[in-house]
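**Student:** Sequence:
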Amino acid sequence: MVVFEKPKALTDAPFHYCPGCTHGIIHRLVAEALDELGVTGKAVGVAPVGCAVMAYNYFACDMVEAAHGRAPAVATGLKRCMPENVIFTYQGDGDLASIGMAETVHSATRNENITIIFVNNAIYGMTGGQMAPTSLPGQVTQTSPYGRDVATAGYPVKVSEMLSTLDGPEYIERVAVNSVKNVKAAKKAIKKAFQNQIEGKGFSLIEVVSTCPTNWGMTPSNALKWLEENMLPYYPLGVYKDRSAAKKEDE
Numbered sequence: 012m013v014v015f016e017k018p019k020a021l022t023d024a025p026f027h028y029c030p031g032c033t034h035g036i037i038h039r040l041v042a043e044a045l046d047e048l049g050v051t052g053k054a055v056g057v058a059p060v061g062c063a064v065m066a067y068n069y070f071a072c073d074m075v076e077a078a079h080g081r082a083p084a085v086a087t088g089l090k091r092c093m094p095e096n097v098i099f100t101y102q103g104d105g106d107l108a109s110i111g112m113a114e115t116v117h118s119a120t121r122n123e124n125i126t127i128i129f130v131n132n133a134i135y136g137m138t139g140g141q142m143a144p145t146s147l148p149g150q151v152t153q154t155s156p157y158g159r160d161v162a163t164a165g166y167p168v169k170v171s172e173m174l175s176t177l178d179g180p181e182y183i184e185r186v187a188v189n190s191v192k193n194v195k196a197a198k199k200a201i202k203k204a205f206q207n208q209i210e211g212k213g214f215s216l217i218e219v220v221s222t223c224p225t226n227w228g229m230t231p232s233n234a235l236k237w238l239e240e241n242m243l244p245y246y247p248l249g250v251y252k253d254r255s256a257a258k259k260e261d262e
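Residue numbering for the sequence shown is 12 to 262, as defined by my numbering.
Mixed in with the good hints there might be a few duds.
[Claimed, not checked] Here are the simulated DSS-like cross-link-like pairs (lysine-lysine), alpha carbons at most 27 Å apart as the crow flies: (1) LYS195 to LYS258; (2) LYS195 to LYS17; (3) LYS258 to LYS202; (4) LYS19 to LYS198; (5) LYS169 to LYS236; (6) LYS192 to LYS19; (7) LYS236 to LYS258; (8) LYS212 to LYS195; (9) LYS212 to LYS202; (10) LYS259 to LYS195; (11) LYS198 to LYS53; (12) LYS53 to LYS19; (13) LYS259 to LYS212; (14) LYS212 to LYS198; (15) LYS203 to LYS259; (16) LYS169 to LYS212; (17) LYS198 to LYS236; (18) LYS199 to LYS212; (19) LYS212 to LYS53; (20) LYS17 to LYS203; (21) LYS53 to LYS195; (22) LYS258 to LYS199; (23) LYS203 to LYS258; (24) LYS198 to LYS169; (25) LYS17 to LYS198; (26) LYS236 to LYS259; (27) LYS17 to LYS199; (28) LYS203 to LYS192; (29) LYS53 to LYS17; (30) LYS259 to LYS19; (31) LYS169 to LYS258; (32) LYS192 to LYS17; (33) LYS199 to LYS19; (34) LYS203 to LYS19; (35) LYS199 to LYS259; (36) LYS192 to LYS202.
[To be verified] Just the calculated beta-carbon pair ranges, DEER-fashion: (37) LYS236 to ALA162: 25 to 33 Å; (38) GLU95 to THR230: 42 to 50 Å; (39) ASN241 to GLY165: 15 to 23 Å; (40) VAL13 to ALA164: 44 to 52 Å.
Note that these hints are calculated values from the structure, not bench results. All C-beta atoms in this analysis are idealised placements derived from N, C-alpha and C, irrespective of residue type, glycine included.
Kindly produce the complete structure, drawing on both the sequences and the hints.
**Tutor:** This is the structure in structure tokens:
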């Protein structure tokens with residue numbers, strides 16, 4: 012009896028991610044959801060610039076490369092042209108919450124029937140560890156060596172909270188993958204986001220609070236501890252919008 016195996020939606024290519032990076036966990040959760048829903052064969056992923064730029068090597072489905080930040084716009088075009096396909100983007104915080112913020116907000120307010128997996132590790136990963144829109148107040152990065160000064164750099168963007176104020180989105184949830192309990196909850200949320208698309212409900216975004224040990228300058232274990240002690244208080248986990256659930260409660 013097989014109790015554990017590699018998802019069929021993942022290729023055999025070894026991940027290139029740094030030791031302790033949680034992208035691998037998130038990739039697996041996305042792949043498991045696609046397999047369990049039986050949609051791997053008609054899934055199309057969109058990966059822009061960032062640490063996930065090579066996602067086409069890892070997901071065993073069609074993949075499209077997008078310009079930096081433009082994944083939601085590309086996904087919108089794909090879904091409108093191929094409504095029978097399951098379209099998802101896989102984006103980091105520097106990509107989605109900075110150069111791609113407009114594409115994110117407008118695809119959400121239009122309630123485009125796509126699924127966005129948003130990885131928030133509070134820093135630009137691939138391009139060297141500079142401050143991201145999600146970097147915490149006081150956080151040291153390559154471009155904020157004395158810590159993020161909110162007087163000049165402003166406060167971090169809380170993407171899930173912001174998008175939840177829009178009328179359009181169907182489902183917004185923030186999860187994490189720093190513990191077994193949180194990984195299970197993240198899997199459930201990601202699968203629900205894909206199910207929403209299959210049912211034609213519209214825009215779903217899952218924000219995954221993650222680590223970046225290399226650019227944080229920490230060991231993998233210390234990075235997980237830093238995430239728990241610093242990121243989760245600032246980025247609380249939970250469902251920020253679920254229109255279908257709210258409708259059921261009203262009924």
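**Student:** Work down the list of hints and note, for each, if the structure agrees.
**Tutor:** Verification of the supplied hints:
For the hint pairing LYS195 with LYS258, the CA-to-CA distance comes to about 26 Å; that is within 27 Å, so the pair holds. In summary, the hint linking LYS195 to LYS17 is supported, as the alpha carbons are separated by about 16 Å, within the 27 Å threshold. Distance restraint check for LYS258 and LYS202: the Cα-Cα separation of roughly 20 Å lies within the 27 Å cut-off, and the hinted pair is therefore satisfied. Between LYS19 and LYS198 the alpha-carbon distance is near 16 Å, which keeps this suggested pair within the 27 Å criterion.
A distance of roughly 21 Å separates the Cα atoms of LYS169 and LYS236; the hinted pair therefore holds under the 27 Å criterion. Of the pairs offered as hints, the one joining LYS192 and LYS19 holds, with about 24 Å between alpha carbons and a cut-off of 27 Å not exceeded. For the suggested pair LYS236 and LYS258, the alpha carbons sit about 38 Å apart, so the restraint of at most 27 Å is broken. With a CA separation close to 23 Å, the supplied pair LYS212 and LYS195 stays within the 27 Å bound.
A hinted pair counts as satisfied when its Cα atoms are at most 27 Å apart, and LYS212 with LYS202 qualifies at roughly 14 Å. Restraint check for LYS259 and LYS195: satisfied, since their Cα atoms lie roughly 25 Å apart, inside the 27 Å limit. Among the hinted pairs, LYS198 with LYS53 is consistent with the structure: their alpha-carbon atoms are about 20 Å apart, no more than 27 Å. For the suggested pair LYS53 and LYS19, the alpha carbons sit about 13 Å apart, so the restraint of at most 27 Å is met.
Restraint check for LYS259 and LYS212: satisfied, since their Cα atoms lie roughly 14 Å apart, inside the 27 Å limit. Restraint check: the Cα-Cα separation between LYS212 and LYS198 comes to about 19 Å, which is no more than 27 Å; the hinted pair holds. Simply put, LYS203 and LYS259 have alpha-carbon atoms about 16 Å apart, close enough for the 27 Å limit, and the pair holds. Distance hint between LYS169 and LYS212 is fulfilled; the C-alpha atoms sit about 24 Å from each other, no more than 27 Å.
Restraint check for LYS198 and LYS236: the C-alpha separation of about 21 Å stays at or below 27 Å, so the hint holds. Distance restraint check for LYS199 and LYS212: the Cα-Cα separation of roughly 17 Å lies within the 27 Å cut-off, and the hinted pair is therefore satisfied. At most 27 Å may separate the alpha-carbon atoms for a hinted pair to count; LYS212 and LYS53 meet this at roughly 18 Å. Proposed proximity of LYS17 and LYS203 is supported: the alpha carbons are some 21 Å apart, at most 27 Å.
In summary, the hint linking LYS53 to LYS195 is supported, as the alpha carbons are separated by about 25 Å, within the 27 Å threshold. Between LYS258 and LYS199 the CA atoms are separated by roughly 20 Å; this keeps the pair inside 27 Å, and the hint holds. For the suggested pair LYS203 and LYS258, the alpha carbons sit about 16 Å apart, so the restraint of at most 27 Å is met. Proposed proximity of LYS198 and LYS169 is supported: the alpha carbons are some 21 Å apart, at most 27 Å.
Between LYS17 and LYS198, the direct Cα distance comes to roughly 15 Å. Compliance with the 27 Å bound is thereby established for this hinted pair. Restraint check: the Cα-Cα separation between LYS236 and LYS259 comes to about 38 Å, which exceeds 27 Å; the hinted pair is violated. Restraint check for LYS17 and LYS199: satisfied, since their Cα atoms lie roughly 18 Å apart, inside the 27 Å limit. Straight-line distance between C-alpha atoms of LYS203 and LYS192 comes to about 17 Å, which keeps the hinted pair within the 27 Å bound.
The hinted pair formed by LYS53 and LYS17 meets the criterion: a straight-line CA distance of about 19 Å does not exceed 27 Å. Between the alpha carbons of LYS259 and LYS19 the distance comes to roughly 35 Å, so the proposed pair goes past 27 Å and is violated. Of the supplied pair hints, the one linking LYS169 and LYS258 holds, its CA atoms being roughly 25 Å apart against a limit of 27 Å. A distance of roughly 20 Å separates the Cα atoms of LYS192 and LYS17; the hinted pair therefore holds under the 27 Å criterion.
As the CA atoms of LYS199 and LYS19 are separated by approximately 18 Å, the hinted pair is consistent with the 27 Å bound. About 19 Å separates the Cα atoms of LYS203 and LYS19, which keeps this hinted pair within 27 Å; it holds. A C-alpha spacing of about 19 Å is found between LYS199 and LYS259, which places the hinted pair at or below 27 Å, so the restraint holds. Of the supplied pair hints, the one linking LYS192 and LYS202 holds, its CA atoms being roughly 16 Å apart against a limit of 27 Å.
Between LYS236 and ALA162 the Cβ separation comes to about 29 Å, which falls inside the hinted range of 25 to 33 Å. Taking 42 to 50 Å as the suggested C-beta distance range, the pair GLU95 and THR230 conforms, at roughly 46 Å. Range check, ASN241 to GLY165: Cβ separation about 18 Å, and the 15 to 23 Å hint holds. A hinted range of 44 to 52 Å for the beta carbons of VAL13 and ALA164 is consistent with their spacing of about 50 Å.
Comparing the model with each earlier hint shows violations of hints 7, 26 and 30; every other hint is respected.
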